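**Q** Chain by chain, the residues:
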Amino acid sequence: MASIVVTDREGAEHVIEGTPGWSVMEIIRENDLPVEAACGGCCACATCHVYVDAAWLDKLEAASDEEDRMLDEAYQVQENSRLSCQIPFAEALDGLKVTLAPEF
Amino acid sequence: MSEQPVRTHPPAGEPSRTDMVIIGAGPVGLFAVFEAGLLNMQCELVDNLDKIGGQCAELYPDKPIYDIPAVPRCTGEQLTELLLEQIKPFAPRFHLNQQAERLERLADGRWRLTTSEGLVLEAPVVVIAAGAGSFVPRRLPLAGAEEREGHSLFYAVRRMEEFRGKDILVAGGGDSALDWTLNLQPVANSMALVHRRRDFRAAPDSVARMEELVAGGLMDLHIGQIAELHGPGRRLDGVTLKSPEGEALVPCDTLLAFYGLKMELGPLAGWGLELEDSLIKVDTATFETNLPGVFAIGDIITYPGKLKLILSGFHESALMCQKAFKYCFPEKKLIFRYTTSSTDLQKKLGVA
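Quick note, the sequences are listed as chains A and B, same order. Mapping the first sequence onto our numbering, position 78 (from 1) lands on 78, and the numbers just tick up by one. Mapping the second sequence onto our numbering, position 146 (from 1) lands on 1146, and the numbers just tick up by one.
Hints were generated in silico from the structure; no laboratory data involved. None of these values were measured; they are calculated from a predicted model. C-beta atoms are modelled at their ideal positions from N, C-alpha and C, and glycine is treated no differently. One should not assume that every hint holds.
With beta-carbon atoms standing in for the labels, derived distance ranges [said to hold, decoys possible]:
| # | chain 1 | residue 1 | chain 2 | residue 2 | range |
| --- | --- | --- | --- | --- | --- |
| 1 | A | ILE16 | B | PRO1244 | 29 to 39 Å |
| 2 | B | ILE1335 | A | HIS14 | 50 to 60 Å |
| 3 | B | GLY1305 | A | ALA54 | 35 to 45 Å |
| 4 | B | GLY1246 | A | CYS42 | 30 to 40 Å |
| 5 | A | GLU13 | B | LYS1063 | 30 to 40 Å |
Using the sequences and the accompanying hints, generate a full structural model.
**A** Written out as structure tokens, the structure is:
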């Protein structure tokens, strides 16, 4: 089983099953962790903002211009900020670590 | 979006009386106007956005939608336009730029809705088609932000005169941020813009004009994010900006923050509606809530099997109108007819 490690806003770590083919946002949401994802995953809001662990940054496809534009509406954006709806999960990402960004 | 208030009908002293008040002018609220119109019910709609279309207009006007029955592909904006064309015969009234604030039951059983602009609407039927809630500005989640709001921190501009002679810092990279930077620069004592990166999503022409002002020494541009507010009480004398290069203190007495809009349930959470996980519970035979004469349709409702799809909201609006009719015309018999064959319905649509 491929998994994702999600740190919530209180600092607690959750190891959850990652379904290949789903987006990281969908995996987080379906595991009842608090990700708003107001637009439903079409890169039209910034409410699925996560920080990607440094060790994993290079293993992800780079963010699109559209994603970078939407991050303007997020809070406390960092170099490792991503919108989790724009990260497709795959077996190769087994162990991916992300942290839920503060809500805005 | 622009901050200019657009009011199709200014608030008057007298309440406006209609058959159905619809909260939310998104696709589902718009289609409810059609279904209501076929049954002779007149509608007035309230929406906190400055435009019609709800999430289709605000979140994804240019994104394609593929799951509207018989419309293989359209954008959020096109769907809104098509719905507006479809409901045109029923001449609904729109009250934009205002939030549905208070709902009271009148002695005769009808409902009175008051908006944030003081507009009063009265009707036997209220329909909540509010999607994920109303769009409100994203507020800075910083210490001291709340008490400064309306004094030295603003999320919208109502009157430009308020900002004359101020040392203004505008935050954001979209059209609102750039437009207000350009509009307020001539009246401000000093003007600065802060954005988290060098690229702006605002119109290139506005960005070019801003850059000219910066090059001419008429305003400053900072790259970074606001980390701290400074100043006693409600006053502001500067902010700390954080960037990969480090921290910087930028003096200012007025901060205008434009970080886009977010959706929240808002005042309707306190109306006595039965909720489950911030969604309204309804009877699926009628889409009536626990309050008699108050209905709810679309993304804001929950019931076993509910799917948040626009098409589900369309279906819900048709069923809702059957029961709503009984509140509007208790003496009348309702006959079910098709637009294909009924001359009566075709007359209403202006085609017979």
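**Q** Look at the Cβ atoms of B:GLY1305 and A:ALA54 and judge whether their distance stays inside 35 to 45 Å.
**A** holds, 43 Å
**Q** Do A:GLU13 and B:LYS1063 keep their Cβ atoms within the hinted range of 30 to 40 Å?
**A** holds, 34 Å
**Q** Mind checking the hinted window 30 to 40 Å against the Cβ distance between B:GLY1246 and A:CYS42?
**A** About 36 Å separates the Cβ atoms of B:GLY1246 and A:CYS42, which means 30 to 40 Å holds.
**Q** Between A:ILE16 and B:PRO1244, does the beta-carbon spacing fit 29 to 39 Å?
**A** holds, 31 Å
**Q** Has the hinted range 50 to 60 Å been met by the Cβ atoms of B:ILE1335 and A:HIS14?
**A** Between B:ILE1335 and A:HIS14, where Cβ atoms are some 56 Å apart, the hint holds.
In summary, this structure violates none of the numbered hints.
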